[in-house]
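Protein chains in written order, with the numbering used here: chain A, 270 to 399; chain B, 9 to 111.
Watch out, some of these pointers could steer you wrong.
Heads up, incomplete: computed chain B residues facing chain A, CB under 7 Å, no partners named [said to hold, decoys possible]:
#1 M9
#2 R10
#3 G24
#4 G28
#5 G32
#6 L33
#7 T36
#8 G43
#9 V45
#10 P46
#11 R51
#12 G73
#13 W75
#14 L76
#15 L95
#16 R98
Hints are computed from structural coordinates only; laboratory data are not their basis.
Glycine included, C-beta positions come from ideal geometry on N, C-alpha and C.
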Amino acid sequence: MTDDDTFDLHLRLLDRQVVDPDGGMICKVDDVELEPADDGGFVVTALLSGPLALGPRLPGRLGRWTVALARRWAEEPHPAPRRIPFERVTELGSAVVVDRSRDDLRIARLEDWVRIHVIERIPGSRHESE
Amino acid sequence: MRASDLLGAEVRTADGGRLGVVTGLRCTTDGPSAGSVPAPRVRALVVTGRHVGSALGYQQEEQRGPWLVRAVIRGLHRQTRLVDVGLIDRIEDGTVRLADTPA
C-alpha cells in the first residue's frame, strides 16, 4: 500500500459537503458507518449526518449536550443519525455528490417541514425581488 | 461501527503496551458498493503518539503547505505508524486492542 493509491478517510470524507446532482446542498458528512468486509478491512456503508452523528466527535460536554438535545427534540422514540447509503454516492471530490435530491432522500423531515410550512410562507422568501 | 469509534481511540498491543492514538484511517477505493463509486475500504489505522495537529494532515507525505508548519507537525508526529486493521482484536471503551504487536 503506497500513498498513491490510498487516502485518509478523516481528511478526505469527514466534514465534506453532500450535494445533489444539481449542486444543491443536502448536509455535511459528520461521520460514516463502517462494516467489516469478508475480504478484509472495514468498508464504508453509509454517510451519517446531523447532531447525533456529529455529537460523539465533539469533545467533552459539548458533544454530550449536542447528543442530549438532539434526542430530546427528536420526533422518534429511538432517534438515529441521518443516513445516506453509500450506494447513492456518484462522486467523491471536494464535495460528495449523491444521485438524489434532498427531498427524495427525506433525511431532514423536521427541517423540510419548517421550510415548507414556515419559511416559504414568509413574504419575500421565494426571492421575489429577483 | 462508526469512524468516530476509531478516530481518537487509544491503541494498545496484546501485552497492554501503548502504541498511541488513532489520528487517521488509511483507505483504498476498492470496497463493494451497489452504486457507481467503489466504497472506501479502511486498510490501516494511522497511529501517532500525539493527537495535536493531526487534523491538519501534514503527517502525510504528499501534503504541501507552509514549510514551518509542516516541519513542526511532522516533528510532533515523527513516531507515526500504520497499523493493519487485520491486527485488531477488539474495540472497547475508546481503546483499540490488537491481537499482535505490529512489526
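Consistency of the hints with the structure:
This hint holds: M9/B has a C-beta 5 Å from the nearest C-beta of chain A, less than the 7 Å allowed. Because the smallest distance between the Cβ of R10/B and any Cβ of chain A comes to about 5 Å, under 7 Å, the interface hint for this residue holds. The beta carbon of G24/B is not positioned within 7 Å of any beta carbon in chain A (closest approach about 24 Å), and the interface hint is therefore violated. Checking G28/B against chain A: minimum C-beta separation of about 15 Å lies over 7 Å; hint violated.
Annotation: interface hint on G32/B holds; nearest CB of chain A at approximately 4 Å, less than 7 Å. For L33/B, the shortest C-beta to C-beta distance to chain A is roughly 4 Å, which falls under 7 Å, so the interface hint holds. Residue-level restraint check for T36/B holds (minimum Cβ-Cβ distance to chain A is 6 Å; threshold 7 Å). The closest approach between the C-beta of G43/B and any C-beta of chain A is roughly 4 Å, which is under the 7 Å cut-off, so the hint is satisfied.
With a cut of 7 Å, the hint placing V45/B at the interface with chain A holds, because the nearest CB-to-CB distance is about 5 Å. The closest approach between the C-beta of P46/B and any C-beta of chain A is roughly 9 Å, which is over the 7 Å cut-off, so the hint fails. Contact between R51/B and chain A, as hinted, is supported at the beta carbon level, the nearest pair being about 5 Å apart and thus within 7 Å. A cut of 7 Å between beta carbons decides the hint on G73/B: the least distance to chain A is about 13 Å, and the hint is violated.
Evaluation of the W75/B hint against chain A yields a violated restraint, the C-beta minimum of about 19 Å exceeding 7 Å. The interface hint given for L76/B is broken, as the beta carbon of that residue sits about 20 Å from the closest beta carbon of chain A, more than 7 Å. About 12 Å separates the beta-carbon of L95/B from the nearest beta-carbon of chain A, more than 7 Å, and the hint is not met. At about 12 Å, the closest approach between the beta carbon of R98/B and any beta carbon in chain A exceeds 7 Å, and the interface hint on this residue is violated.
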